[in-house]
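Here the sequence shown is numbered in my numbering, starting from 1 and rising by one per residue.
By construction, these hints were calculated from the structure, which means they are not laboratory data.
Watch out, some of these pointers could steer you wrong.
As the list claims (entries may be wrong) - No farther apart than 27 Å at their CA atoms in a straight line, the calculated lysine-lysine pairs in the DSS-like style are these:
id, residue 1, residue 2
1, Lys36, Lys56
2, Lys48, Lys152
3, Lys50, Lys127
4, Lys59, Lys128
5, Lys128, Lys152
6, Lys36, Lys50
7, Lys59, Lys143
8, Lys48, Lys143
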Amino acid sequence: MSNCVTAVSSLVILVALSTAQCANYLGVTGDVFILKAQPDYWLAKTAKDKVDAAIKLYKTGGMSAVIAAYGASNTSTSYLTVQNENGFYLLGNPKLGEMKKGANAKSVILSGDSTAQYQPVWQAALKKPIWVHINWINPSTMKVQPAVFYVKIYDHLMFSSGFYEEGLL
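Generate coordinates for the entire structure from the input sequences, incorporating the hints supplied.
Written out as structure tokens, the structure reads:
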């Protein structure tokens with residue numbers, strides 16, 4: 001393992017990663033790493049396909065159709081989230097409290113300045129769909145674990161789906 005060092009404001013983040021992994025990062029904001037490309041895991045295609053299918057459904061049936069299709073099955077470790085541009089969940093994992101009234105991504109980000117972490121992801125995803133690496137609560141274990149999410153903005157909504165890396169590395 002090597003160390004991947006990235007400066008964020010006046011802080012320096014030191015992360016133990018392989019040299020190949022360091023080369024894959026576009027930027028860092030707090031605990032969120034924006035990746036240059038789709039990770040080389042079979043689950044990455046599943047996450048991307050889930051987001052693309054949800055957006056297709058949204059185009060034809062609106063948000064209520066997306067909630068009807070994904071809401072009941074949204075309790076596993078591979079789930080779909082939809083947030084508005086202020087970070088409020090329209091669809092999330094109920095085990096993580098993401099569906100509570102007023103739940104906001106900024107309020108569940110695990111450390112640091114949540115606005116400083118959320119906004120760069122939103123801004124990057126506005127330009128094109130992105131992959132992010134983040135430490136997030138795994139709904140199966142309720143422990144913070146490394147996860148990778150595919151993020152795509154459509155109609156001022158952030159659609160994302162991902163997977164936890166435990167057992168993949």
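Against the structure, the hints come out as follows:
1. Lys36 - Lys56: Answer holds: lysine 36 to lysine 56 is near 25 Å, not above 27 Å.
2. Lys48 - Lys152: holds (9 Å)
3. Lys50 - Lys127: Answer holds: lysine 50 to lysine 127 is near 20 Å, not above 27 Å.
4. Lys59 - Lys128: holds (18 Å)
5. Lys128 - Lys152: Holds, because 7 Å separates the two Cα atoms, which is no more than 27 Å.
6. Lys36 - Lys50: holds (20 Å)
7. Lys59 - Lys143: violated (35 Å)
8. Lys48 - Lys143: The hint holds at about 24 Å.
Hint 7 alone, counting from the list given before, is not met by this structure.
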